[in-house]
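Asker: Below, each chain spelled out in residue letters.
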Amino acid sequence: MKVNKILETMDYGTAPESSAAALKWIEERGADFGLFINGVFVKPAGRESFATHNPANNELLAKLCQAQTADVDAAVSAARGAQAGWESMGGSARSKYLYAIARLVQKHSRLFAVLETLDNGKPIRESRDIDVPLVARHFYFHAGAAVLMADEMPDYQALGVAAQVIPWNFPLLMLAWKIAPALAMGNTVVLKPAEYTSLTALLFAEICQEAGLPNGVVNILTGNGSVGEQVVIHPDVDKVAFTGSTAVGRHIRQAIAGQGKAITLELGGKSPYIVFDDADIDSAVEGLVDAIWLNQGQVCCAGSRLFVQEGVAEVFHRKLRSRMDKLRIGDPMDKSIDIGAIVDPVQLQSIKRLVDEGLEEGGHRHVAAIDCPSEGSFYPPTFISEVDPACRLMQEEIFGPVLVGSTFRTPAEAVALANNTRYGLAASIWTENINLALDLAPKIVCGVAWINTTNQFDAAAGFGGCRESGFGREGGWEGLYAYVRPSYQSTEALELIEPPQGSSETVEGSIDRTPKLFIAGRQVRPDSGYSTPVYSSTGQQLGLVGQGNRKDIRNAVEAAHAARSWAKSTAHLRAQILYYIAENLSVRREEFAQRITAMTGAATESAKAEVDLSIDRLFIYAAWADKYDGAAHGVPIRGLALAMHEPVGIIGILCSDQAPLLGMVSVLAPAIAMGNTCVIVPSQAYPLAATDLYQVLETSDLPAGVVNIVTAAHSDVVETMAGHMEVDALWYFGADGHSASIERASVTNLKRTWVNNGYSRDWQDTKQGAGKEFLRQATEVKNIWIPYGE
Amino acid sequence: MNLLQRNPGLPLDLDWVLSVQANTSAIERRCKTLPGRRSIKKNHQAAWLLKALTCIDLTTLSGDDTEQRVRRLCRKARMPVRRDLLRALDIASERVHTAAICVYHEMVPAAVAALDGSNIPVAAVSTGFPAGLSPYALRLAEIGESVKAGAAEIDIVISRRHVLTQDWQALYEEMQSFRAACGEAHVKAILATGELGSLRNVARASLICMMAGADFIKTSTGKESVNATLPVSLTMIRQIRDYYERTGYHIGYKPAGGISKAKDSLNYLALIKEELGDRWLQPDLFRFGASSLLGDIERQLEHHLSGHYSANHRHAIG
Chain L
1 MKVNKILETM DYGTAPESSA AALKWIEERG ADFGLFINGV FVKPAGRESF ATHNPANNEL
61 LAKLCQAQTA DVDAAVSAAR GAQAGWESMG GSARSKYLYA IARLVQKHSR LFAVLETLDN
121 GKPIRESRDI DVPLVARHFY FHAGAAVLMA DEMPDYQALG VAAQVIPWNF PLLMLAWKIA
181 PALAMGNTVV LKPAEYTSLT ALLFAEICQE AGLPNGVVNI LTGNGSVGEQ VVIHPDVDKV
241 AFTGSTAVGR HIRQAIAGQG KAITLELGGK SPYIVFDDAD IDSAVEGLVD AIWLNQGQVC
301 CAGSRLFVQE GVAEVFHRKL RSRMDKLRIG DPMDKSIDIG AIVDPVQLQS IKRLVDEGLE
361 EGGHRHVAAI DCPSEGSFYP PTFISEVDPA CRLMQEEIFG PVLVGSTFRT PAEAVALANN
421 TRYGLAASIW TENINLALDL APKIVCGVAW INTTNQFDAA AGFGGCRESG FGREGGWEGL
481 YAYVRPSYQS TEALELIEPP QGSSETVEGS IDRTPKLFIA GRQVRPDSGY STPVYSSTGQ
541 QLGLVGQGNR KDIRNAVEAA HAARSWAKST AHLRAQILYY IAENLSVRRE EFAQRITAMT
601 GAATESAKAE VDLSIDRLFI YAAWADKYDG AAHGVPIRGL ALAMHEPVGI IGILCSDQAP
661 LLGMVSVLAP AIAMGNTCVI VPSQAYPLAA TDLYQVLETS DLPAGVVNIV TAAHSDVVET
721 MAGHMEVDAL WYFGADGHSA SIERASVTNL KRTWVNNGYS RDWQDTKQGA GKEFLRQATE
781 VKNIWIPYGE
Chain A
791 MNLLQRNPGL PLDLDWVLSV QANTSAIERR CKTLPGRRSI KKNHQAAWLL KALTCIDLTT
851 LSGDDTEQRV RRLCRKARMP VRRDLLRALD IASERVHTAA ICVYHEMVPA AVAALDGSNI
911 PVAAVSTGFP AGLSPYALRL AEIGESVKAG AAEIDIVISR RHVLTQDWQA LYEEMQSFRA
971 ACGEAHVKAI LATGELGSLR NVARASLICM MAGADFIKTS TGKESVNATL PVSLTMIRQI
1031 RDYYERTGYH IGYKPAGGIS KAKDSLNYLA LIKEELGDRW LQPDLFRFGA SSLLGDIERQ
1091 LEHHLSGHYS ANHRHAIG
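Quick note, the sequences are listed as chains L and A, same order. Just so you know, we're using this note's numbering here: the first sequence kicks off at 1 and counts up by one. Just so you know, we're using this note's numbering here: the second sequence kicks off at 791 and counts up by one.
Bound-form chain A, shown alone:
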């Protein structure tokens, strides 16, 4: 896996943005038929599930989070699968950890401490997450605080109103300033797609955020009524593909919220493989924002090995 050059962004190109279309019915048809077109079984399924697991941003974003709770989650991130299962799969256990831990700012120091020596980055949701309506200066400052606290990745939320009012210039400038505030930390732009009204808006907002320097684009906060879906994902990754084809820069993709089944994760990976290619099947370019997905993957891995359906209590909770 080669190290990628970071996206420096582009001047806002409104001609490009406004030429972008997204036909909902056609996109839905593609997504509906894909699971029937690609079936991943047996050893391949086990490998793909492990891949999915290593792409998880293991997340806790609750008002009742505590340092101890976060430490427990971090331990799970480092050791997400039972050792005996990995041995049976002939996979070195040090290869298998989640891609990151994702928490609120206040939990960043605890997470950084718990992950010390693991190479697992801490991602902080930021900029007045989830609504993004706190004072602009505070939102910028929040990014700085989290970076200072040790967050290597910042998940910002965009101002949905800029999309809904088609104020692309404002969206571009906001994203640019967030990116600047992140410094060396990588920035994921959360579009909150469930609140953008149309897939066309999702597509255009995706493109704007990439032009403004986003390293990743991400669907949702997990707090909207509709979070990650395959159609939204297809819409966003097609923009990533176009951006790559025009500029040569790889932008990452993170669906978040609502992905809790191992089978779903396979569909997402297949969609990425089909539309973006194998290079995007790595945690530097693809993440699942999820919490309960991991447990289902563990159960499926055990089933793969034992031939018997597994149970939750046989796997450690995070």
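Okay, chain L solo, but in the shape it has when bound:
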């Protein structure tokens, strides 16, 4: 177009980034890629190929190798072979490699960016200005983490071999989020990139070579979902990290249940974007461009549910629609494009279907009045207002450039609407009122909250969700613990303790005591109406305990739910109550010791020691209640990323038989210290320590429902607890092998699980029996981003 003509129209024209270098890179490799195993690219005979396309124009980019079982074995074996050497070289040495990788990512930054855009369809601006810089940043951060590991995480060691399966929406960034922490902590990895978008992972493999990374430390297998499945279920893998859909995450959780693998899942979302009437409305409108139109809305934490306060909704919606009409969609290589191509025609169809079907239930659709290319996989920016929680569009993740919206009246209603979802990943809150913002952020169920901003990421701040958005964090100190295990962890098998048997004779001269269940602060009879005799080690009947069943569990969870305001009580108050429990237990020290002796046959001195240690544990967690501080992460914005420790919610705990009192107190205390409420199933063999303890709890000002105790055979209630969708986490310390079934059943709501996999834990040991490991299990880290500045 001629200059004088442009002077009239003032169009932007096109500013295409050249794809020549990236295409040449592909061509030089024959447009046909192998697998990266043990430091070299291999293409074993007989492997099938599959094609990877540019979604913007459907052109073939390259052929990739479909890995087979033998390749998975080879990759895992290479990773296993390299792991010990990689870990033992030490954090400082590993750091040098991570630093080299960071530098090489920067040196090849444009090649990475262009290749990513070619393969994925995201605008070059995003791959160039967001993805690749964050990738380099991630490796820098973790180069530092490797150095600091020895001093800052002295009780931890690598898990071993990590199987990592990543999605197609941020191919290279998700690779970095997986590989950097794994390597920093001394693990080796087998990574399976998404079928649609493997090219940058293969380029990354080359820079691993360039950086001189020891062979086998990073292995990359391309292929479809079945490769991913084979990698994660491989018996020689110690850790599974997955980012992707909730459906696949659920499948993986089930597939590896009972294998003793550590797991983190970063899954779907339907994150709320809340705008109050005192917000900077124009900025909040602009924020939506970054929230739902970043990466064509194919972002797990996309702000996809808009809630605007009623008084400003009309203005806000009008401004939003006119903003949409200024977006530019088209060739992702054009540097003046806001929205590129949907990753694949399959995903495009999925978006279309969801929107069209969803609209049948109502909603008012605005499609941006802009030119949308007819060739290639493009979907126009869309806003659907008047969508209510009852509508599918408000509940289901669309994973496309489609925003749905509704309104609210009060802050409380905003919270209620925001939390009315199976997901819990992120949230954006827009208000100029700091009181409101900081009140709301903790109330929204999510792992990341952004105040007056959205979609901010940094290696120094953890990212991850709760509910069906998964569990575990990536980034920050909190993310490192996903790749380590405590070095004090026992490797001895846990022995099953059979309850003592005996006759129905009771101890002479004693008045009958009826241990009951303890639910909602009251002693209640079991629903079943059955009781089980408890015998002393010498065979005398010590009492009858209720046989708890699924309905008792249901009632206990109801009570725990009703007591959730415990989370809002002050840490000081929780500490006071823990001290008070300790004090009251101390008063009855002799009695508890005698009971332990009677049940277990333990020597008097050792029984007293168990009571004393239990009192100590209560003191420890009373101490921690107001000292397990969060952090203010050093993220590169003018502002704060506050990493707050929040309670997990309702924790179900199946206790150990090993130390009937100590084993329960050691888990109960950290749980309630951090603000959780719990449903506790005590030792099966020696349940009377628990039923005695509720009397202590009753006299210690503990609010009703914070601790609920259901005596039951673990096998009678474990499935109910693991499957209960109101239970947020389940801890298992029992000896009759329920670890696998718990992990399998936990997929109903993707609750966090902490199971022993049949290994023992020495409750007397100060490390195995107490400490930050317990506190981490009892908390979620929520990162609240608060930019500031006038």
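No wet-lab data here; the hints were simulated from the structure. Note that the structure is predicted; figures quoted are calculated from it, not measured. Built from N, CA and C at the ideal position, the CB exists for glycine as well. Mixed in with the good hints there might be a few duds.
Listed below are several chain L residues computed to face chain A (Cβ distance under 8 Å; list not exhaustive) [claimed, not checked]: (1) M1; (2) K2; (3) N4; (4) L7; (5) Y12; (6) D278; (7) A279; (8) D282; (9) K326; (10) D338; (11) E432; (12) N452; (13) T538.
Here are some of the chain A residues that sit facing chain L, going by a computed Cβ distance under 8 Å [stated by the list, open to error]: (14) L808; (15) Q811; (16) I881; (17) E884; (18) D1068.
Based on these hints, arrange chain A on the given structure of chain L.
Answerer: What follows is chain A alone, placed relative to chain L:
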């Protein structure tokens, strides 16, 4: 380009003014990412640079200004780009001149004379520019003197203290009286944004000045330590957009001070296009208050045509 109806102003609406918010971090994020979102290359870049050039209020505001110096600047305003460059771009040379000349009152007659027959208006900075702290009556009188001397545009400075003390009524009345004193001359309200303390204040002061009848709102005198920035601009033009949406009146925008690079001018134009729309990309609604920007644009135009980086001395100074 249609002729616009002049903004008559509105009664002071404090409910509206006080509802205005401006979140600094969010505004900065928008401005930081915009240059990466819009890239203007090749012929488009040349056209956009010409557009920027025609929106310049070519300015000299120095204590050592003389009539001869001003005449030289006016000649540059009439012929800002070498003829051979314009020919190569196939642009009629009479189309290309700066939007105005901006001077102190004493230089107005010289500028008017030098621009005779050019249709280039003379703008006078006024009202005790730059601090705006001379006696109120003198400030009003100064406007009248400049109008009488032939200035078609008056760049007034507001009393920053009214903003800093949140005395919106006083600011409104001051601006109203300045507007009245201007008569037919168009009035640009200089907010001196670098001295207002917050973007929220900038936003509210912008709105007040429009309500009081400003034709243009302008960032700075060029004498503050911080002058025009993209965040300040975004803040002000969003108020212009709201004012237009509520009243139908177009208010002009003039960033001034600190814009000296051709690349910067493209970012400003893109910001205007994105937030206000194409209608504002005309000199009746958009100006750059600048002096050295022109030289960089000339160099970039020559580079566009020749493929070689240019040098200052190849272009006439103003």
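Asker: Using 8 Å as the Cβ threshold, decide whether A:Q811 counts as touching chain L.
Answerer: holds, 4 Å
Asker: Would the stated hint for A:I881 survive a check requiring a Cβ distance to chain L of less than 8 Å?
Answerer: OK, holds: A:I881 within 8 Å of chain L, min 5 Å.
Asker: Given L:D282 as an interface hint, is its Cβ closer than 8 Å to any Cβ of chain A?
Answerer: holds, 5 Å
Asker: Does L:A279 meet its interface restraint, that is, does its C-beta lie within less than 8 Å of any C-beta in chain A?
Answerer: holds, 7 Å
Asker: Could you check if L:Y12 really has its C-beta closer than 8 Å to a C-beta on chain A?
Answerer: holds, 6 Å
Asker: Per the CB criterion, is A:D1068 less than 8 Å away from chain L?
Answerer: Holds: closest Cβ of chain L sits about 6 Å from A:D1068, inside 8 Å.
Asker: Against chain A, with CB atoms and a cut of 8 Å, does the hint on L:T538 hold up?
Answerer: Violated. Min distance 71 Å.
Asker: For the hint on L:N4, just tell me whether its beta-carbon gets within less than 8 Å of chain A.
Answerer: With a minimum Cβ separation of about 5 Å from chain A (threshold 8 Å), the hint on L:N4 holds.
Asker: Please verify that hint: A:E884, Cβ, nearest Cβ of chain L, below 8 Å or not.
Answerer: Cβ of A:E884 sits 13 Å from chain L, so the hint is violated.
Asker: Given L:D338 was flagged as interface, is its beta-carbon under 8 Å from a beta-carbon of chain A?
Answerer: holds, 6 Å
Asker: Any CB of chain L closer than 8 Å to the CB of A:L808?
Answerer: violated, 11 Å
Asker: Quick check on L:L7 please, does its C-beta sit within 8 Å of some C-beta on chain A?
Answerer: Holds, because the Cβ-Cβ distance from L:L7 to chain A comes to roughly 5 Å (cut-off 8 Å).
Hint compliance for this structure: hints 13, 14, 17 are not met, and every other hint is.
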